[in-house]
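In order, the protein sequences belong to chains A and B. Using this note's numbering, you'd call the opening residue of the first sequence number 215 and step up by one each time. Using this note's numbering, you'd call the opening residue of the second sequence number 546 and step up by one each time.
Since the hints were made in silico from the structure, they are not lab data. Be careful, since some hints might not be right.
With a Cα cut of at most 25 Å, we get these calculated SDA-like pairs of lysine to any residue [stated by the list, open to error]:
no., chain 1, residue 1, chain 2, residue 2
1, B, Lys647, A, Ser308
2, B, Lys669, B, Leu724
3, A, Lys254, B, Ile727
4, A, Lys254, B, Leu661
5, B, Lys669, A, Lys313
6, B, Lys647, B, Leu563
7, A, Lys313, B, Ser577
8, B, Lys734, B, Leu657
9, B, Lys616, A, Lys254
10, B, Lys574, B, Lys676
11, A, Lys254, B, Thr741
12, B, Lys574, A, Pro253
13, B, Lys669, A, Lys254
14, A, Lys310, A, Phe321
15, B, Lys669, B, Gly594
16, B, Lys649, B, Glu588
17, A, Lys310, B, Glu588
18, B, Lys647, A, Pro253
19, B, Lys734, B, Ile718
20, B, Lys616, A, Ala289
21, A, Lys254, B, Cys631
22, A, Lys313, B, Val601
23, B, Lys676, B, Thr709
24, A, Lys310, B, Val586
25, A, Lys254, B, Asp575
26, B, Lys616, B, Phe759
Okay, the calculated beta carbon distance ranges per label pair [said to hold, decoys possible]:
no., chain 1, residue 1, chain 2, residue 2, range
27, A, Gly341, B, Leu666, 23 to 33 Å
28, B, Thr736, A, Arg337, 53 to 63 Å
29, B, Lys734, A, Trp306, 25 to 35 Å
30, A, Arg281, B, Phe591, 27 to 37 Å
31, A, Val277, B, Thr587, 33 to 43 Å
32, A, Pro343, B, Tyr671, 48 to 58 Å
33, A, Phe285, B, Tyr671, 24 to 34 Å
All residues carry an ideal CB built from backbone N, CA and C; glycine is no exception.
Here's the letter readout for the chains.
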Amino acid sequence: MSHSHGGGHPHPHSHTHEHTHDDLDDEHSHSHGKHHIVPKRIYFLVFFTLIVLTWVTALVSTVDLGRWNIFVALAIAMIKASLVILFFMHIWYSTKLTKMILGAGFFWLVLLLFITMSDIWTRNWMGVPGR
Amino acid sequence: MDSHAAVVTHEAEATVPLRHHFENLEQQKDASTVGMWVFLVTEIMFFGGLFLAYFVYRQAYPAAFASASNKTDLWLGAANTTVLICSSLTMALGVHFAAIGKRKLLVLFLLLTLFLGSVFLGVKTYEYHDKWVHHEVPGEHFECEGCKDAGHASLFFSLYFGMTGLHAMHMIIGAGILLILIWQAYRGKFTPEWHTPVEMFGLYWHFVDIVWIFLFPLLYLIDRSGRGLS
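All chains should be modelled from the sequences, with the hints used to inform the complete structure.
Dropping the structure here:
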């Protein structure tokens, strides 16, 4: 299935070959057409969990947990988002390159949120000289 | 079954749109997937800026945000979240049916996705209208009855309309793309070997769903126990 390019590019060729080989091993499949097919059962399971978590987060919000309300709400949202990303968006079955790009995106998002908020949160912890 | 699929794949590789700079269909699809994820990462950063603005102002004016958030309809929001998750399921099943070559089911599930997306936008329109008649749209005539710190409650509603508006705009664009995909699917353009547009659109649709998964708790669920924040 992989063919020679008529001399000169051993690296791209061997890379492609390795990559295909890895993927086949991962999927235990010998057909490209079946590569990303996820059993419908998994979609229904994820769907059911997402619906339950939606109503759990709505109900929990009406209970006074003090400062923990927002953390519970965000934790549930993150679990829901992870389920969508891993299974509906097939990241669980994706190539390492795709996973790395998503990881890099989240890394920058965390930098943006964390560095800014650590400034905002801690600004008034200590007195500001001259104010 | 396996050998049959292999034969189909082999024949299809000659006929489906394989661009000359790709070695095979799988490599071509991996390239599309990577490209789509790079786009989605830019979208994550784009919405990320708005989420950051939200966190900065929420932490600055917690009481205003809490009382303004209580003006939204919790159960309508939860119902609409449910609708959007249903549309994500129908989309995922649509991609599934494209991958196994069930044309009619693919068209049906894309239509269902479009329908559920429209229901979501309809409910959103109702909510916007409700805010409009209660003068809860930021501007000269802004009022927030019973709100603490009404001036900063207006800030909450600016973020509410900005973020849900941008989210709704993504859904409207998505609905437009869906119409095209439904037509192409109906004409039999997609095969198990090549249905990349359906799959890439699925990623976009699920991404929009994820944005809402965060918008719902952040906009609708602040201080619902009525504790009152100072």
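Here's how the hints hold up against the structure:
1. As the CA atoms of lysine 647 of chain B and serine 308 of chain A are separated by approximately 23 Å, the hinted pair is consistent with the 25 Å bound.
2. With a C-alpha separation of about 20 Å, the suggested pairing of lysine 669 of chain B with leucine 724 of chain B holds against the 25 Å cut-off.
3. Restraint check for lysine 254 of chain A and isoleucine 727 of chain B: satisfied, since their Cα atoms lie roughly 21 Å apart, inside the 25 Å limit.
4. At roughly 20 Å between alpha-carbon atoms, lysine 254 of chain A and leucine 661 of chain B fall within 25 Å of each other, so this suggested pair holds.
5. Among the hinted pairs, lysine 669 of chain B with lysine 313 of chain A is inconsistent with the structure: their alpha-carbon atoms are about 33 Å apart, more than 25 Å.
6. For the hint pairing lysine 647 of chain B with leucine 563 of chain B, the CA-to-CA distance comes to about 22 Å; that is within 25 Å, so the pair holds.
7. Proposed proximity of lysine 313 of chain A and serine 577 of chain B is supported: the alpha carbons are some 14 Å apart, at most 25 Å.
8. Taking the CA atoms of lysine 734 of chain B and leucine 657 of chain B, the gap is about 19 Å. The hint holds against a cut of 25 Å.
9. Straight-line distance between C-alpha atoms of lysine 616 of chain B and lysine 254 of chain A comes to about 39 Å, which puts the hinted pair past the 25 Å bound.
10. For a cut-off of 25 Å, the pair hint linking lysine 574 of chain B to lysine 676 of chain B is broken: about 44 Å separates their Cα positions.
11. Distance restraint check for lysine 254 of chain A and threonine 741 of chain B: the Cα-Cα separation of roughly 19 Å lies within the 25 Å cut-off, and the hinted pair is therefore satisfied.
12. Between the alpha carbons of lysine 574 of chain B and proline 253 of chain A the distance comes to roughly 20 Å, so the proposed pair stays at or under 25 Å and holds.
13. Between lysine 669 of chain B and lysine 254 of chain A, the direct Cα distance comes to roughly 30 Å. Violation of the 25 Å bound is thereby established for this hinted pair.
14. Restraint check: the Cα-Cα separation between lysine 310 of chain A and phenylalanine 321 of chain A comes to about 16 Å, which is no more than 25 Å; the hinted pair holds.
15. Annotation: proposed proximity of lysine 669 of chain B to glycine 594 of chain B holds, straight-line Cα distance about 23 Å (limit 25 Å).
16. Between lysine 649 of chain B and glutamate 588 of chain B, the direct Cα distance comes to roughly 32 Å. Violation of the 25 Å bound is thereby established for this hinted pair.
17. Of the supplied pair hints, the one linking lysine 310 of chain A and glutamate 588 of chain B holds, its CA atoms being roughly 21 Å apart against a limit of 25 Å.
18. Proposed proximity of lysine 647 of chain B and proline 253 of chain A is supported: the alpha carbons are some 15 Å apart, at most 25 Å.
19. Under the criterion of a C-alpha separation no larger than 25 Å, the hint pairing lysine 734 of chain B with isoleucine 718 of chain B is consistent with the structure, at around 21 Å.
20. Proposed proximity of lysine 616 of chain B and alanine 289 of chain A is supported: the alpha carbons are some 24 Å apart, at most 25 Å.
21. Taking the CA atoms of lysine 254 of chain A and cysteine 631 of chain B, the gap is about 14 Å. The hint holds against a cut of 25 Å.
22. In summary, the hint linking lysine 313 of chain A to valine 601 of chain B is not supported, as the alpha carbons are separated by about 30 Å, beyond the 25 Å threshold.
23. The straight-line distance between the Cα atoms of lysine 676 of chain B and threonine 709 of chain B is roughly 13 Å, inside the 25 Å bound, and the hint therefore holds.
24. Taken as a hint, the lysine 310 of chain A and valine 586 of chain B pair is honoured in the structure, with Cα atoms around 16 Å apart against an allowance of 25 Å.
25. Restraint check: the Cα-Cα separation between lysine 254 of chain A and aspartate 575 of chain B comes to about 22 Å, which is no more than 25 Å; the hinted pair holds.
26. Under the criterion of a C-alpha separation no larger than 25 Å, the hint pairing lysine 616 of chain B with phenylalanine 759 of chain B is consistent with the structure, at around 18 Å.
27. Remark: the range hint 23 to 33 Å for glycine 341 of chain A to leucine 666 of chain B is contradicted by a beta-carbon distance near 50 Å.
28. Between threonine 736 of chain B and arginine 337 of chain A the CB atoms are about 58 Å apart, so this pair conforms to the stated range of 53 to 63 Å.
29. For lysine 734 of chain B and tryptophan 306 of chain A, the hinted distance range of 25 to 35 Å is satisfied, since their beta carbons lie about 28 Å from each other.
30. For the pair arginine 281 of chain A and phenylalanine 591 of chain B, the supplied restraint of 27 to 37 Å holds, since their beta-carbon distance comes to about 29 Å.
31. Remark: the range hint 33 to 43 Å for valine 277 of chain A to threonine 587 of chain B is upheld by a beta-carbon distance near 38 Å.
32. Proline 343 of chain A and tyrosine 671 of chain B have their C-beta atoms about 53 Å apart, which keeps the hinted 48 to 58 Å range intact.
33. Checked against the given bound of 24 to 34 Å, the beta carbons of phenylalanine 285 of chain A and tyrosine 671 of chain B, roughly 31 Å apart, stay inside it.
The earlier numbered hints that this structure contradicts are 5, 9, 10, 13, 16, 22, 27.
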